[in-house]
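Q: Listed below are the residues making up each chain.
Number of protein chains: 2
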Amino acid sequence: MKAVALRAQEIEPFRVMEILAQAKLLEAQGRDIIHLEIGEPDFVTPAPVIEAAVLALRAGLTHYTPALGLPALRQAIAGYYHERYGVEVDPARVCVTPGASGALLLAMASLFDPGDEILLADPGYPCNRHFARLMEAHGVGVPVGVESHFQLTAALVEQHWGPRTQGVLVGNPANPTGTLVSTQELTAIHAVVRGHGGWLLVDEIYHELLYDTAPPSAAALGDDVVLINSFSKYFLMTGWRLGWLLAPPAVVTAVERIAQNVFLAAPTVAQHAALSALSAEVRPLLEASKAELCRRRNYLLPQLADLGFDCPVTPEGAFYVYAGIKKFGMTSEELVQRCLLETGVALTPGTDFSPMQGKHYVRFAYTTGENRLQQAVDRLRQWL
Amino acid sequence: MKAVALRAQEIEPFRVMEILAQAKLLEAQGRDIIHLEIGEPDFVTPAPVIEAAVLALRAGLTHYTPALGLPALRQAIAGYYHERYGVEVDPARVCVTPGASGALLLAMASLFDPGDEILLADPGYPCNRHFARLMEAHGVGVPVGVESHFQLTAALVEQHWGPRTQGVLVGNPANPTGTLVSTQELTAIHAVVRGHGGWLLVDEIYHELLYDTAPPSAAALGDDVVLINSFSKYFLMTGWRLGWLLAPPAVVTAVERIAQNVFLAAPTVAQHAALSALSAEVRPLLEASKAELCRRRNYLLPQLADLGFDCPVTPEGAFYVYAGIKKFGMTSEELVQRCLLETGVALTPGTDFSPMQGKHYVRFAYTTGENRLQQAVDRLRQWL
Numbered sequence: 475m476k477a478v479a480l481r482a483q484e485i486e487p488f489r490v491m492e493i494l495a496q497a498k499l500l501e502a503q504g505r506d507i508i509h510l511e512i513g514e515p516d517f518v519t520p521a522p523v524i525e526a527a528v529l530a531l532r533a534g535l536t537h538y539t540p541a542l543g544l545p546a547l548r549q550a551i552a553g554y555y556h557e558r559y560g561v562e563v564d565p566a567r568v569c570v571t572p573g574a575s576g577a578l579l580l581a582m583a584s585l586f587d588p589g590d591e592i593l594l595a596d597p598g599y600p601c602n603r604h605f606a607r608l609m610e611a612h613g614v615g616v617p618v619g620v621e622s623h624f625q626l627t628a629a630l631v632e633q634h635w636g637p638r639t640q641g642v643l644v645g646n647p648a649n650p651t652g653t654l655v656s657t658q659e660l661t662a663i664h665a666v667v668r669g670h671g672g673w674l675l676v677d678e679i680y681h682e683l684l685y686d687t688a689p690p691s692a693a694a695l696g697d698d699v700v701l702i703n704s705f706s707k708y709f710l711m712t713g714w715r716l717g718w719l720l721a722p723p724a725v726v727t728a729v730e731r732i733a734q735n736v737f738l739a740a741p742t743v744a745q746h747a748a749l750s751a752l753s754a755e756v757r758p759l760l761e762a763s764k765a766e767l768c769r770r771r772n773y774l775l776p777q778l779a780d781l782g783f784d785c786p787v788t789p790e791g792a793f794y795v796y797a798g799i800k801k802f803g804m805t806s807e808e809l810v811q812r813c814l815l816e817t818g819v820a821l822t823p824g825t826d827f828s829p830m831q832g833k834h835y836v837r838f839a840y841t842t843g844e845n846r847l848q849q850a851v852d853r854l855r856q857w858l
Numbered sequence: 475m476k477a478v479a480l481r482a483q484e485i486e487p488f489r490v491m492e493i494l495a496q497a498k499l500l501e502a503q504g505r506d507i508i509h510l511e512i513g514e515p516d517f518v519t520p521a522p523v524i525e526a527a528v529l530a531l532r533a534g535l536t537h538y539t540p541a542l543g544l545p546a547l548r549q550a551i552a553g554y555y556h557e558r559y560g561v562e563v564d565p566a567r568v569c570v571t572p573g574a575s576g577a578l579l580l581a582m583a584s585l586f587d588p589g590d591e592i593l594l595a596d597p598g599y600p601c602n603r604h605f606a607r608l609m610e611a612h613g614v615g616v617p618v619g620v621e622s623h624f625q626l627t628a629a630l631v632e633q634h635w636g637p638r639t640q641g642v643l644v645g646n647p648a649n650p651t652g653t654l655v656s657t658q659e660l661t662a663i664h665a666v667v668r669g670h671g672g673w674l675l676v677d678e679i680y681h682e683l684l685y686d687t688a689p690p691s692a693a694a695l696g697d698d699v700v701l702i703n704s705f706s707k708y709f710l711m712t713g714w715r716l717g718w719l720l721a722p723p724a725v726v727t728a729v730e731r732i733a734q735n736v737f738l739a740a741p742t743v744a745q746h747a748a749l750s751a752l753s754a755e756v757r758p759l760l761e762a763s764k765a766e767l768c769r770r771r772n773y774l775l776p777q778l779a780d781l782g783f784d785c786p787v788t789p790e791g792a793f794y795v796y797a798g799i800k801k802f803g804m805t806s807e808e809l810v811q812r813c814l815l816e817t818g819v820a821l822t823p824g825t826d827f828s829p830m831q832g833k834h835y836v837r838f839a840y841t842t843g844e845n846r847l848q849q850a851v852d853r854l855r856q857w858l
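Residue numbers (our numbering), protein chains in the order written: chain R, 475 to 858; chain E, 475 to 858.
Hints listed in this document are in silico derivations from the structure and should not be mistaken for laboratory results.
Quick reminder that beta carbons are idealized off the backbone N, C-alpha and C, glycines included.
Hints may be right or wrong, so weigh each one.
Derived contacts from chain R toward chain E, CB cut-off under 10 Å, selection only [claimed, not checked]: (1) I512; (2) E514; (3) Y538; (4) G576; (5) V729; (6) Q734; (7) G782; (8) Q856; (9) L858.
Quick look at which bits of chain E chain R covers, simulated, 3 or more residues with Cβ under 8 Å [unchecked claim]: (10) 524-535; (11) 547-554; (12) 577-588; (13) 707-715; (14) 735-745; (15) 774-786.
Pair by pair, the computed Cβ-Cβ distance ranges are [said to hold, decoys possible]: (16) E562(R) x T788(E): 52 to 62 Å; (17) E816(R) x P723(E): 31 to 41 Å; (18) E484(R) x G671(E): 18 to 28 Å; (19) V620(E) x A724(R): 35 to 45 Å; (20) P723(E) x E486(R): 14 to 24 Å; (21) Q483(R) x A533(E): 34 to 44 Å; (22) E808(R) x P723(E): 25 to 35 Å.
All chains, full assembly: derive it from the sequences and hints.
A: This is how it looks when you write it as structure tokens:
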């Protein structure tokens, strides 16, 4: 029989999923596991958002929406850019998608041809290069380190731009490092990309989870920037599968066409719930969760440094610490494996995020409460 | 600036969406429009399913599920094949997806390489060839007509199998014709495909909406058949975006890997609701809706014949009539356009389903109540 497609062989699994499966097995055997591997906070969706969903469901709003989303939600997202960032966004550019995953798929499918290359920071979110692979394009990892806060710079983009390069994708702030590209640097990257006639994609799914600063959205750079965002992280709606794409005007038609075919539409109940998530009533609840995440970061970061992890760059947002492990004389896969078995603390190996340098790093996700973080630190202290 | 990707230029929009947009514009101007263009029944999701969703939401079940779905739902879907079709299905083969659209994407992405060809009936569901295009493969339309009930046959598959052919996709019953491949013919197609070492994909999203017969599921043919199904149609859950794929054992790992990257998971609330949709309590409600659809078909079909439409084949399922229009001396696009403007009845031009023969057909979707169908018939009678 015919084998599976080459792309299916080449797209790698998340190593974290194996860790998670193993952790669950240990739990089933009675072990107490502290989950610092999963990129999903423990918070439940706020009650008013849930009640908005209940209202919509009981009103019988169970049919398809238009492919690019409920007009009211597209309008509300445009309004969000105005209120939150002071940027005017045409609602016609807002494409509501099944998660930021759906936004990434639509962006990659609309913009990149087979053989095109897209520059990505290495380390970075692994799906980015897999979405490129899905479209027969190539996510080209650019090794970044402490000197650039694990982010691309305009100089790096210029240096790595090749004859097949057609775009750059920046996570701002990024997973797994939580670090930010400064507005000045992003503006410079934008200029380089524009100069080459390519596309700048900016993933801002963690942009509202910045703890120390409130920089402008990349939407302010111009309507040629492709923006990816999500209701999953700050808005605490992971399982609802809802995100959005701000598409350049010339691209909206292509995005709509592909969305019609590939998704039909994003989930209807999630869209009605999202209208509530964007409301003034809900914002204080989201801010409270954000403050809790900030407290966790502020607790965890110095503790990890104290344990001997190398954390030279303060994560400014998201809910991750990307920590160097050179001191411990193990690869990340070894450390993660032994740490799980010997301490019951589950981590993600850096190899999920960086084919190049990942074996020297692990990712801590502070997606569980502070007392559990303390227990994890205690266990690690005894172990290391 | 760089243009959009070639695939984005080549994937065609649904023409029905332009008709829908035009129809909504006319409605906004006060015109009464009868919607026979949309492939979505007017039924709301049954109340017990909605209440199961409410319960799950209020219990805080708002996080991600595993990439292939809740274990309980995968188990329940496997159980459904046992109860409904008497087929034993390993729950490990059940991949819960964001709609049948998600199932089609995962199947195409997992199985087909760039340049591969997949045989499709023409007319057929347009997304099928667009999903192939998305993966840089080719959906090759095989013209089918009345003589084979608008379906592929083993002889046609054998005849059109070329050096690049790697699979066949059958909609059973099919959109837009509602016609079925007999079990005998499907078994023969399966043998031909097996003989060539290719993949047989069967889309059964309308299989529970067969009005006159209850044939076995293609799952009974063997676990090498790739099955696509959905909670949208029979289970009345369109806007929830939930479907499933029965993947061959050798393919599940590839599907899971791609699903992890592309979707993360299907919507959580929809999965909990679907558990209720599969319950014995809900089935009578679904059967009542099915009976209503059957009454509509039984009303509409002879009326259309009486009006001069060419309906030589009885649609055995789904909620469509694919009707020939040669008698009226217009192309389908002309007829649909004039019909909307002059009678307020919205139809879908056959060109959405058949690049080859579509201009001689229109699709009626009996997705609205019988009194509206009667009004539509009256308007058409006056007009034609």
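Q: If you take the shortest Cβ to Cβ gap from G782(R) to chain E, is it below 10 Å?
A: With a minimum Cβ separation of about 32 Å from chain E (threshold 10 Å), the hint on G782(R) is violated.
Q: Is it true that the C-beta distance of P723(E) to E486(R) lies inside 14 to 24 Å, as the hint says?
A: 21 Å Cβ-Cβ, so the 14 to 24 Å window holds.
Q: Can you verify the interface hint for G576(R): is its Cβ closer than 10 Å to any Cβ in chain E?
A: With a minimum Cβ separation of about 8 Å from chain E (threshold 10 Å), the hint on G576(R) holds.
Q: Given E514(R) as an interface hint, is its Cβ closer than 10 Å to any Cβ of chain E?
A: Check passed: Cβ of E514(R) comes within 6 Å of chain E, closer than 10 Å.
Q: Check, residue by residue, whether the segment 524-535 of chain E contains three or more positions whose beta-carbon lies closer than 8 Å to a beta-carbon of chain R, and give the verdict.
A: holds (count 7)
Q: Tell me if the interface restraint on Y538(R) is satisfied: Cβ within less than 10 Å of some Cβ in chain E.
A: Cβ of Y538(R) sits 5 Å from chain E, so the hint holds.
Q: Okay, E816(R) versus P723(E) on CB: inside 31 to 41 Å?
A: holds (35 Å)
Q: Classify the hint on I512(R) as holds or violated, based on whether any CB of chain E lies nearer than 10 Å to its CB.
A: Because about 8 Å separates I512(R) from the closest Cβ in chain E, which is inside the 10 Å limit, the hint holds.
Q: Can the suggested window of 52 to 62 Å be confirmed for the beta-carbon pair E562(R) and T788(E)?
A: 55 Å Cβ-Cβ, so the 52 to 62 Å window holds.
Q: Return holds or violated for the Cβ distance of V620(E) and A724(R) against the range 35 to 45 Å.
A: 44 Å Cβ-Cβ, so the 35 to 45 Å window holds.
Q: Taking the least C-beta to C-beta distance, is Q856(R) closer than 10 Å to chain E?
A: Check failed: Cβ of Q856(R) comes no nearer than 30 Å to chain E, outside 10 Å.
Q: Okay, the segment 707-715 of chain E and chain R, do three or more residues pass the C-beta test at under 8 Å?
A: holds (count 6)
Checked against the numbered hints given earlier, the structure breaks hints 7, 8, 9, 11 and 15 and satisfies all the rest.
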